[in-house]
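Order-wise, the sequence lines are chains A and B.
Residue numbering for the first sequence follows this note's numbering, beginning at 1 and increasing consecutively.
Residue numbering for the second sequence follows this note's numbering, beginning at 1 and increasing consecutively.
Hint data in this document are derived by calculation from the structure and do not stem from the laboratory.
Check each hint, because a few of them may be wrong.
Derived coverage of chain A by chain B (criterion: at least 3 residues anywhere in the stretch with Cβ under 8 Å from a Cβ of chain B; other residues may be distant) [unchecked claim]:
1. 219-232
2. 290-303
3. 345-352
Here a beta-carbon is modelled for each residue, glycine too, at the ideal position from N, C-alpha and C.
There are 2 protein chains.
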Amino acid sequence: MADGIDGSGFMPGERAALAHAAHGPLSGLTFAAKDLYDVAGSPTTYGNPDWARTHPVPPSTAPAVLALVEAGARFLGKTKTVELAYGLTGENVWYGTPVNPAAPDRFPGGSSCGSAAVVAAGEADIALGSDTGGSVRIPASYCGIYGIRPSWGSVPLTGARGLAPSFDTAGWFAARASVLRRAGEVLLPRGGEGQLGPCLRVQEAWMNAHPSVASALSPALDAVDAAMDGCLQISLIPETLAVLYERFRSAQAEEAWATLGDWVASTGPAFGPGVGERFTMARDMEPGQGAAGRTFRQGFRQRLLGLLGGGAVLVYPTSPMPAPKLGASPEEQLWTREVTIGVTAIAGLAGLPEVSIPAARVDGAPVGLSLVAAPGRDRALLALAERVAERLGLSV
Amino acid sequence: MADGIDGSGFMPGERAALAHAAHGPLSGLTFAAKDLYDVAGSPTTYGNPDWARTHPVPPSTAPAVLALVEAGARFLGKTKTVELAYGLTGENVWYGTPVNPAAPDRFPGGSSCGSAAVVAAGEADIALGSDTGGSVRIPASYCGIYGIRPSWGSVPLTGARGLAPSFDTAGWFAARASVLRRAGEVLLPRGGEGQLGPCLRVQEAWMNAHPSVASALSPALDAVDAAMDGCLQISLIPETLAVLYERFRSAQAEEAWATLGDWVASTGPAFGPGVGERFTMARDMEPGQGAAGRTFRQGFRQRLLGLLGGGAVLVYPTSPMPAPKLGASPEEQLWTREVTIGVTAIAGLAGLPEVSIPAARVDGAPVGLSLVAAPGRDRALLALAERVAERLGLSV
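With the hints as constraints, model all of the structure from the sequences given.
Structure, rendered in C-alpha cells:
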C-alpha cells in the first residue's frame with residue numbers, strides 16, 4: 001500500500017495527455033479511461049502494482065480511446081480499476097478505493113470504480129470502463145449514473161487488458177442519457193437503430209431485488225411501460241438465479257485462469273482482499289464445472305436470442321440492492337456478489353447489450369434500472385434509455 | 001330445414017369432381033374442402049340455402065383447391081360450414097350438424113365443422129377449412145385432429161367466400177402431423193423453415209383453461225418443453241382475455257358487416273340459431289367499438305411481432321374446454337364462445353400461424369395443444385408440431 005492513496009476516481013500521479021480533434025461530434029466533452037486501456041507512453045497498471053512492474057509501458061493507444069479523442073473529446077486521464085478487473089465492490093487497496101460521490105459511506109462498485117466515480121463527481125463527461133460480469137453496470141447503479149455494457153464484440157478491446165475474453169466488453173458511463181448515446185454513436189458500429197418492443201419484466205430479477213428497490217423503481221418501470229406501450233411479465237430463468245450465478249462464475253473463472261493464470265502463478269503478485277481468493281478458486285476449480293458453465297451458456301444464449309431477436313427488451317433492476325456500506329463484512333460482500341451476478345449474468349452469459357438508468361434512490365443511495373436487448377441493438381437501446389429518462393423527468 | 005339433413009361432414013347430394021395430377025407430393029392422399037371454396041360447376045352454399053340461391057354457380061376453382069389436386073391429392077367433395085362461417089359450435093340446421101366422430105354427444109366445433117368431421121372420421125386425409133376467429137383451430141381441438149391456421153395472407157383465399165378479410169385465413173386439417181406438414185409444403189409459400197425457440201407458456205391462457213384441461217395437457221407440455229429445451233412462462237395479456245375477446249369481437253363484427261351486410265340487408269336470409277343474432281349485433285354496433293378494436297389490434301400485433309420475431313413460440317391449450325355437449329343451452333354456448341375467443345384472438349388479432357395438436361382427452365373428449373409463432377414461420381411450426389407429436393408417441 002503505497003503513497004498516493006486517495007479517494008479520487010483518477011489514478012494518482014501524473015496524468016497521461018493525448019491530443020484530440022479540434023472539431024467532432026464529441027467536441028466540448030471530456031473523458032477518462034479505466035486503467036486497463038493502453039495509452040501510449042503511460043503505464044497500464046490493471047489496478048495492481050505487480051502488474052505494472054512486470055509489463056512494459058505500452059507504445060500505442062487503445063482504439064476505443066483513440067475513437068473518442070478523434071471525435072473531439074478531451075482525455076483527462078486514467079481511472080482506477082479493481083485489480084485485474086476481478087471484483088464488483090470497487091475496492092483497490094493499492095491506489096485507494098474511489099469515493100462514491102452519490103453515497104460516500106458506500107462502495108462505488110466495480111471493477112470500473114474510478115470511471116464511475118469521476119463521472120458521478122462531474123469530473124468527466126464520459127468514462128470508458130469494461131464489463132465482464134457487471135463491471136460497468138454495477139458501478140453505474142451504485143453511483144447514480146448511466147452506464148452501458150454494449151453487445152459482446154461490438155466495441156474493440158484491442159489494447160485493453162482482458163479477464164475472460166468471451167465475456168469481456170468495453171463499456172462507458174455518462175451522467176446524461178444524451179451523452180451516453182453520443183459516445184455510442186462514436187464507439188458502436190453502424191446499424192442497430194429502429195424500434196424496440198415489447199418490454200418484458202423479468203419476474204425473477206424483480207423478485208430477487210430488495211422490496212425497497214423494486215418499490216423505488218416502480219415509477220421508472222411505469223416510464224418504460226409508457227415509452228414502450230406496455231410491459232409483459234416473463235419468467236425467464238426456470239433454473240433460478242442461483243444457477244445462473246453458478247454457471248457464470250464457473251465459465252468466467254475458467255477463462256480468467258486461462259487468460260491470467262500463467263502470470264499469477266509465475267509472478268505471485270500481492271493482491272488485495274478477495275482478488276487472490278478468486279484466482280485461487282479459478283485455479284482449483286474442477287474441470288467439469290467450467291464445462292457445465294459453457295454448456296449451460298450455449299443453451300441460455302440461444303433461448304435469449306430467440307426471445308429478443310424480434311426487438312423485445314428485458315427490464316429489471318440493475319442491482320438487487322444499492323451499494324454495500326464500506327464496512328460490510330466479507331460474508332455480506334460475498335452474498336451481495338452472488339445475488340448481484342445472478343442478475344448481471346443474464347446479459348453476461350448471452351452477450352446482450354444492457355443500459356443502466358439512474359432511476360431511483362433507496363436509503364439515500366442510488367439504484368439503476370436496466371434495459372436489455374438483442375445483440376447489435378445497442379443504438380436503439382441508447383435511444384430508448386433517453387426516451388425513458390425524459391419521461392422520468394431526468395435531465396437528458 | 002330441407003331434405004338431405006345428415007350427420008356426415010360432407011355436404012349432402014352429388015359430390016363435385018376434379019381431376020388430379022397422376023404424380024405429385026400428395027399422391028395417394030384424399031382431401032375435401034369447406035363449402036366456401038369455389039369448385040367450378042358446383043354451387044358454393046356458404047352453409048346457407050339463401051346464399052346458394054342468390055349466387056351463381058362459380059365458373060372456376062379456388063387456387064387453394066387447385067394446388068392440392070395439382071399436387072396429386074384426390075378431391076372427395078365439399079364439406080359443411082357454419083352459415084357464412086360466423087360461429088364456433090359447428091351447428092348447421094340446413095344441411096345437418098356433422099357428428100363429432102371423436103365425441104358423438106358433443107358439437108364438432110366450427111365453422112369448418114364438416115372438414116374436421118371428415119378427417120376425424122377417416123373419410124379424408126386432408127380437408128381445407130378457413131379460420132377467422134378459430135374456425136379451424138376449435139374444430140381441430142374438439143375432434144381430436146391436427147389443424148393449422150396459417151399466417152394471415154400466406155395461403156390465397158381467392159375464390160373463397162370471406163367473413164372479415166383482415167382476419168380470414170385458409171387452413172387445413174389432418175389426422176397425422178406429417179400429412180398436415182406435407183399439405184403445408186404444397187400450400188404455403190417457400191421459406192419460414194429453421195429453428196424456433198424459446199417456448200413461452202402463456203400464463204393467462206393456461207389459467208383460462210379448465211383445470212382438467214390444463215392437467216390433461218401437462219404431458220404434452222412436457223413434450224414441447226423437451227423438444228424446445230425448456231419453456232418459459234410469460235404473462236402476455238395485461239388487459240385480460242375478456243378484453244381480447246371484446247376487441248376481437250368488435251373488430252371482426254365491423255368487418256363482417258362491411259363484407260356481408262349488404263347481402264344480409266337486401267336478402268333477409270333465414271338463419272339458424274345465433275348467426276342472425278350476430279349479424280344484427282354487427283349491424284347495430286356503435287362505431288366507436290369497431291375503432292377501439294382496430295386500434296387495440298395494431299398495438300397488440302406490434303407487441304406480438306416484437307416478442308415472436310426472433311423465433312419464440314407461444315404454447316397454450318387450443319380451447320379452454322373440450323367441445324360443449326349437443327344439448328348445451330344458448331347461455332352456455334355464449335359463455336363458451338367468449339372464453340374460447342379470448343384465447344383464439346391471440347393469433348387472430350396478430351395474424352399469427354397456430355397449429356393445434358390432438359394432445360389429450362378430458363371426460364372422453366379431445367382437446368388440443370396449440371403452438372403459435374411469428375408470421376411466416378408456418379413451415380417451422382409444422383415441423384415442430386411433428387417433433388412434438390413424435391415425443392408424445394402419436395403416430396405421425
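For this structure, which hints from the list above don't hold up? 3
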